[in-house]
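Listed here are the chains, written in short residue letters.
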Amino acid sequence: DAKTTQPTSMDCAEGRAANLPCNHSTISGNEYVYWYRQIHSQGPQYIIHGLKNNETNEMASLIITEDRKSSTLILPHATLRDTAVYYCIVSNFTGGGNKLTFGTGTQLKVEL
Amino acid sequence: DAGVTQSPTHLIKTRGQHVTLRCSPISGHKSVSWYQQVLGQGPQFIFQYYEKEERGRGNFPDRFSARQFPNYSSELNVNALLLGDSALYLCASSLGWGTSGTYEQYFGPGTRLTVT
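Heads up: the protein sequence lines correspond to chains A and B, in order. Under the numbering used here, think of the first position of the first sequence as 1, with each following residue one higher. Under the numbering used here, think of the first position of the second sequence as 1, with each following residue one higher.
None of these hints come from the bench; they were simulated from the model. Keep in mind the model is a prediction, meaning the values are calculated, not measured. Note that beta-carbon positions come from the ideal geometry of N, C-alpha and C, so glycine has one too. Hints should not be assumed to be uniformly reliable.
[As the list claims (entries may be wrong)] Derived CB-CB ranges, DEER-like: (1) A:L112 with B:R15: 25 to 35 Å; (2) A:Q42 with B:G28: 47 to 57 Å; (3) A:E66 with B:T116: 48 to 58 Å; (4) A:P21 with B:E54: 33 to 43 Å; (5) A:T104 with B:G98: 38 to 48 Å.
[To be verified] Short, incomplete list of chain A residues facing chain B, as computed with Cβ under 10 Å: (6) S41; (7) I48; (8) G103.
Using the sequences and the accompanying hints, generate a full structural model.
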């Protein structure tokens, strides 16, 4: 699976959009980009995933660059409850199992 | 709909003992995966089971084993516990397995294991 690079931490004001970047310059053509988040002491929560096109659901939007070497997760109106560690994961689920390889993620802190 | 459930919530064991952790997947999900999360790190993949067969294994010693039952629930067993096994053990379920789909995984709340 391709390696991802994320900032260690980010701050965002409540009500503003939170834009979380992820670099995955070695991504291969059949690898998906997944985003999960983990609120303190809870299990990770699936947010969104995409392959080439931008995606949007009720939680967030995922913007993938045309060359697919980076992506941005957008939380359109961040609230205090969005404070969590956000993980960007790239995988095509080959190599044995649908394992998710978590890095250290980005600690997003949403403040008043 | 009920999410992934895990039991027990917390557990304290002594070095050398054995532990069994349990997981019930979301209704309709046939695959269960186990992850270990040590404090300050991201979750690390241990096993994936689909239709009662092991489909993937992470880099963990043979002291770790698991199985999946006909109702798709699963157990994770750890023998000869070490202090370093203290962690949050997470179970995740997904609809299926393989490369034909994206199979997003849904995690349970985890079991906090403390080894003293």
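Results of checking the hints against the structure:
1. Look at L112 (chain A) against R15 (chain B): about 45 Å separates their beta carbons, and that is not inside 25 to 35 Å.
2. Remark: the range hint 47 to 57 Å for Q42 (chain A) to G28 (chain B) is contradicted by a beta-carbon distance near 23 Å.
3. In this structure the supplied range 48 to 58 Å holds for E66 (chain A) paired with T116 (chain B), their Cβ-Cβ distance being about 53 Å.
4. For the pair P21 (chain A) and E54 (chain B), the supplied restraint of 33 to 43 Å holds, since their beta-carbon distance comes to about 36 Å.
5. For the pair T104 (chain A) and G98 (chain B), the supplied restraint of 38 to 48 Å is violated, since their beta-carbon distance comes to about 28 Å.
6. Taken as an interface hint, S41 (chain A) checks out: its beta carbon lies about 8 Å from the nearest beta carbon of chain B, inside 10 Å.
7. Because the smallest distance between the Cβ of I48 (chain A) and any Cβ of chain B comes to about 9 Å, under 10 Å, the interface hint for this residue holds.
8. Satisfaction of the interface hint for G103 (chain A) is found here, the shortest Cβ-Cβ separation to chain B being roughly 6 Å, below the 10 Å cut-off.
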